[in-house]
Amino acid sequence: EPEVTQTPSHQVTQMGQEVILRCVPISNHLYFYWYRQILGQKVEFLVSFYNNEISEKSEIFDDQFSVERPDGSNFTLKIRSTKLEDSAMYFCASGVSGSYNEQFFGPGTRLTVL
Amino acid sequence: AQSVTQLDSHVSVSEGTPVLLRCNYSSSYSPSLFWYVQHPNKGLQLLLKYTSAATLVKGINGFEAEFKKSETSFHLTKPSAHMSDAAEYFCVVSSDSNYQLIWGAGTKLIIKP
Chain F
1 EPEVTQTPSH QVTQMGQEVI LRCVPISNHL YFYWYRQILG QKVEFLVSFY NNEISEKSEI
61 FDDQFSVERP DGSNFTLKIR STKLEDSAMY FCASGVSGSY NEQFFGPGTR LTVL
Chain V
1001 AQSVTQLDSH VSVSEGTPVL LRCNYSSSYS PSLFWYVQHP NKGLQLLLKY TSAATLVKGI
1061 NGFEAEFKKS ETSFHLTKPS AHMSDAAEYF CVVSSDSNYQ LIWGAGTKLI IKP
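Note that the protein sequences, when read in sequence, are chains F and V. Reminder that position 61 of the first sequence reads as 61 in my numbering, one-by-one numbering, no gaps. Reminder that position 100 of the second sequence reads as 1100 in my numbering, one-by-one numbering, no gaps.
A couple of the hints might just be wrong.
[Unchecked claim] Okay, the calculated bits of chain V under chain F, using three or more residues with CB under 8 Å as the criterion:
(1) 1038 to 1048
(2) 1075 to 1085
[Claimed, not checked] Listed below are the simulated EDC-like cross-link pairs for lysine to aspartate or glutamate, each with C-alpha atoms no more than 16 Å apart in a straight line:
(3) Lys1042(V) - Asp1085(V)
(4) Lys1042(V) - Glu3(F)
(5) Lys57(F) - Asp71(F)
(6) Lys42(F) - Asp86(F)
(7) Lys42(F) - Asp1085(V)
(8) Lys42(F) - Glu1088(V)
(9) Lys1112(V) - Asp1085(V)
(10) Lys42(F) - Glu53(F)
(11) Lys42(F) - Glu3(F)
Hints were generated in silico from the structure; no laboratory data involved. A virtual CB, placed ideally from N, CA and C, is assigned to each residue, including glycine.
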């Protein structure tokens, strides 16, 4: 069964460094999402992406963050200058349509900022 | 604004006994509701969803949930727990203005042998 994959599973970085989190959505999906979960807190929506542009973003998704679909398979989240509070589990999701009924999630990338 | 409250951070049951994970929501309109499960080191998996059809929704692995509008609840149940059910469970409501999902804090289900 097709599934969303994410790499790396765990990333450790120094404060101020740039990180890129990678996701490979399910191949026929057109809608892509990033969520994050700070340890002990709720899962929070970051951004949705369709037709090569951001369709929605939350207030968390400030200028520090960017997303890209550099080729036909990858969907990336870049954090330009990491802060301690960016430490979290980041989940990628994809869907065939824009319906919230159909979001399929990856296993997550745990980002630790030191 | 929408919100989700999962009433228990941890639930512990013995194998073979019923499971009840409680969820209350607030929404300004008729929402769609979901339960997701996350096993250790795995992704988030959709267990079941309610989208204004039947109020009793059956999901995978023997789980079901009942949408009760009068109580604004969407509790998750299973008649008989199995060791493989040990995981974290998230109750989720759709946003009324866009395709965001609004998440509860999660309930960790512990199964005792």
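Hint check results:
1. Note: the region 1038 to 1048 of chain V has 6 residues with beta-carbon separation from chain F under 8 Å; the three-residue rule is met and the coverage holds.
2. Against chain F, the region 1075 to 1085 of chain V contributes 0 residues with a C-beta closer than 8 Å to a partner C-beta. That does not satisfy the three-residue criterion, and the hint is violated.
3. Between Lys1042(V) and Asp1085(V), the direct Cα distance comes to roughly 13 Å. Compliance with the 16 Å bound is thereby established for this hinted pair.
4. Distance restraint check for Lys1042(V) and Glu3(F): the Cα-Cα separation of roughly 11 Å lies within the 16 Å cut-off, and the hinted pair is therefore satisfied.
5. Simply put, Lys57(F) and Asp71(F) have alpha-carbon atoms about 22 Å apart, too far for the 16 Å limit, and the pair is violated.
6. Between Lys42(F) and Asp86(F) the alpha-carbon distance is near 14 Å, which keeps this suggested pair within the 16 Å criterion.
7. Distance check on the hinted pair: Lys42(F) and Asp1085(V) sit about 21 Å apart at the alpha-carbon level, beyond 16 Å; violated.
8. Only pairs whose Cα atoms come within 16 Å are accepted, and Lys42(F) paired with Glu1088(V) is accepted, the gap being roughly 12 Å.
9. Simply put, Lys1112(V) and Asp1085(V) have alpha-carbon atoms about 11 Å apart, close enough for the 16 Å limit, and the pair holds.
10. Under the criterion of a C-alpha separation no larger than 16 Å, the hint pairing Lys42(F) with Glu53(F) is inconsistent with the structure, at around 26 Å.
11. Simply put, Lys42(F) and Glu3(F) have alpha-carbon atoms about 23 Å apart, too far for the 16 Å limit, and the pair is violated.
The structure shown violates the earlier hints numbered 2, 5, 7, 10 and 11.
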